[in-house]
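For the protein sequence lines, the chains are A and B, in the order given. With our numbering, you'll find the first sequence wraps up at 325, consecutive numbering, no jumps. With our numbering, you'll find the second sequence wraps up at 325, consecutive numbering, no jumps.
Keep in mind that a hint or two might mislead.
The list treats identical chains as interchangeable, and a pair is accepted whether it falls inside one copy or across any two copies.
Unchecked claim - Here are the simulated DSSO-like pairs of lysine-lysine, each with C-alpha atoms no more than 27 Å apart in a straight line:
1) K22 - K133
2) K184 - K276
3) K203 - K276
4) K184 - K33
5) K310 - K44
6) K153 - K319
7) K211 - K22
8) K262 - K276
9) K314 - K144
10) K133 - K12
11) K22 - K153
12) K72 - K310
13) K276 - K72
14) K143 - K217
15) K184 - K144
16) K211 - K144
17) K203 - K153
18) K153 - K310
19) K217 - K133
20) K310 - K22
21) K12 - K33
Just so you know, the hints here were simulated from the structure itself, not pulled from any lab data.
Now for the letters of each chain:
2 protein chains.
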Amino acid sequence: MNILHMDLGADSYDIVIERGALQKADEYLELDRKVLVVTDGGVPKEYARTVAAMAKDGVIVTVSQGEDSKSIAQFSAILSRMLKEGFSRRDAVVAVGGGVVGDLAGFVAASYMRGVDFYNIPTTVLSQVDSSIGGKTAVNLDGIKNIVGAFYQPKKVLVDLDLLKTLDSRLVSEGLAEALKMGLTSDAELFELFDKGNINENMDEIITRSLMIKKNVVEQDEKEQGLRKILNFGHTIGHGIEAHEERHGLYHGECVAIGMVPMVSDDLRPRLIKILESLRLPTAVDLKADEIYEAMTHDKKGEGDQVTVITVSEPGEYEMKKVRFKELYPKIQMIGI
Amino acid sequence: MNILHMDLGADSYDIVIERGALQKADEYLELDRKVLVVTDGGVPKEYARTVAAMAKDGVIVTVSQGEDSKSIAQFSAILSRMLKEGFSRRDAVVAVGGGVVGDLAGFVAASYMRGVDFYNIPTTVLSQVDSSIGGKTAVNLDGIKNIVGAFYQPKKVLVDLDLLKTLDSRLVSEGLAEALKMGLTSDAELFELFDKGNINENMDEIITRSLMIKKNVVEQDEKEQGLRKILNFGHTIGHGIEAHEERHGLYHGECVAIGMVPMVSDDLRPRLIKILESLRLPTAVDLKADEIYEAMTHDKKGEGDQVTVITVSEPGEYEMKKVRFKELYPKIQMIGI
């Protein structure tokens, strides 16, 4: 077992990394109250049931799997349910699922009575290494992702790698894309774990190292004013790709995988592509550069006609700079058609 | 001019109290960017126009006057408008109106891209002395007030008493009920200003003293964990009355006025009633005690079957204690039928 302490002053919390943590969630979480367990249709039902059964008064809400659940309508429906069930300011919300569930349930917890306790039990690699910590909660609006939300820290995060056993291998790989991202910008040894292969054997170390990187970044920049932008490595172009999701059906981590390719040095690129291929992650996409560019300039991280981008010349070393959007065009051409 | 500095660490801000501040809002607020000015149909149009005209790119949104605008639907509509207008994370929202506008616009500002700068220019006594500072933003849901929202501090508040010139006298009085509340719990001299009459002449001092009390309370208890509950003096029963608003048509401050009556000592009560009558504020309501009690127990400040109530024995001195709801029943009978 490993406990990482996220040091954010009054908003500090622990991240418990332990196989089997779900089965003893009541040792880590204060469940002796009304507890809303939010999950989705793709998560094994017994996960949410295990948590709800430990609560004094557990209520399970199961939303549809997929990004469409991150809507203001769903947000409002869950808040109404909490009201109907008589939740007070002293009760709690637990997310049991991937990033969609965590983002949605987190924003619900942030907003119900202006904030109730929130716990996160991520069930995918992507949410275990990335979205479950850092306090970014959100829903989508008018087709724009994560445009409405709050910075709201959980009271505890349980990272239980046993929950990944039932996870589809494509979902495992998309999560590993984010872990690889953190190795590239911040941890050469983490990158080496990927470069050497044996990824499955090193899963605990990969996830723990990724969490430590994210923890350090979030501690230094809780509200995403500066340093936290390194977590967006691969995401600027990635979001431009992801916006066309209905055409290619790629997952978030897959879009990030592609988005990293043009942002590393020419030296590093072949090694990166080899790793991505070994994980069956895509390295290019069947979209026109113009289409990616157009969607990318709508990205919410834009600052006027400029954007802060991260590039990586060697594993563990990044450069951050502000560029005009159009300077990214040649890079987009590398991965589009 | 008076500047009160609200000391909340990274969330600190200034409250500028100055007649004529609206006309030079650009001296106090950073308006050299996209600025969404939220107002309502009851506020003189020139107030919002004055602010919008000073902005680099001002966009005015006018919602319907009244509590119904504090809805998730209206929240969502304003966020959509901001998206459509291309607001970025570096732009700002300004509320120009009373509590409804401030609560709604504040929650919009808290949530758009997880938070953009928020300024408040309150235009009613109630919002000038109370709701515009403290960072409580919210909308209503399923008939329950303020159940969805955020603690989100403004970057600056401009309190311009000249804006009250056009305010209906009934609205002036409802705001003064909240100022009187603060005198009762925390400032005997403020109470004396009411007790001696000449309220209109002392308006600047009444509002400034009220703001100083609220500032001190909020600084000590930003997230409403304890002390801030003294601001709820008169509100527990008041909310039970307000829930039946469609039957009696009373305003929030009027319900609070009634709610204070049973919560002061028998000695103090005649003085309080005399002041309320001089302000043409109600001191009782045409509702059955059972009806008030029923609505009150649904109040969101409840903690199981208990509630924290504030009583005042002498002006400027309060007692805070936790009681069972039913202990309040005899008090409700004092002001119901």
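Checked hints:
1. K22 - K133: Between copies only: 21 Å across, 30 Å inside.
2. K184 - K276: neither (34 Å within a copy, 77 Å between copies)
3. K203 - K276: neither (36 Å within a copy, 56 Å between copies)
4. K184 - K33: Classified as neither; 36 Å inside a copy, 67 Å across copies.
5. K310 - K44: between (51 Å within a copy, 23 Å between copies)
6. K153 - K319: Neither, since 37 Å and 60 Å both go past 27 Å.
7. K211 - K22: Intra 30 Å, inter 21 Å, cutoff 27 Å: inter-copy only.
8. K262 - K276: Answer is within; shortest intra-copy Cα gap is 24 Å, inter-copy 76 Å.
9. K314 - K144: neither (41 Å within a copy, 36 Å between copies)
10. K133 - K12: neither (34 Å within a copy, 37 Å between copies)
11. K22 - K153: neither (29 Å within a copy, 49 Å between copies)
12. K72 - K310: between (48 Å within a copy, 25 Å between copies)
13. K276 - K72: Between copies only: 25 Å across chains, 49 Å inside a chain, cut-off 27 Å.
14. K143 - K217: both (24 Å within a copy, 24 Å between copies)
15. K184 - K144: Neither way: K184 and K144 sit 33 Å apart in one copy and 54 Å across, limit 27 Å.
16. K211 - K144: Answer is both; intra-copy 19 Å and inter-copy 19 Å each pass.
17. K203 - K153: within (25 Å within a copy, 53 Å between copies)
18. K153 - K310: neither (41 Å within a copy, 49 Å between copies)
19. K217 - K133: Within one copy, since 17 Å is at most 27 Å while 37 Å is not.
20. K310 - K22: between (47 Å within a copy, 21 Å between copies)
21. K12 - K33: This pair counts as within: shortest intra-copy Cα distance 17 Å, inter-copy 59 Å.
Hint compliance for this structure: hints 2, 3, 4, 6, 9, 10, 11, 15, 18 are not met, and every other hint is.
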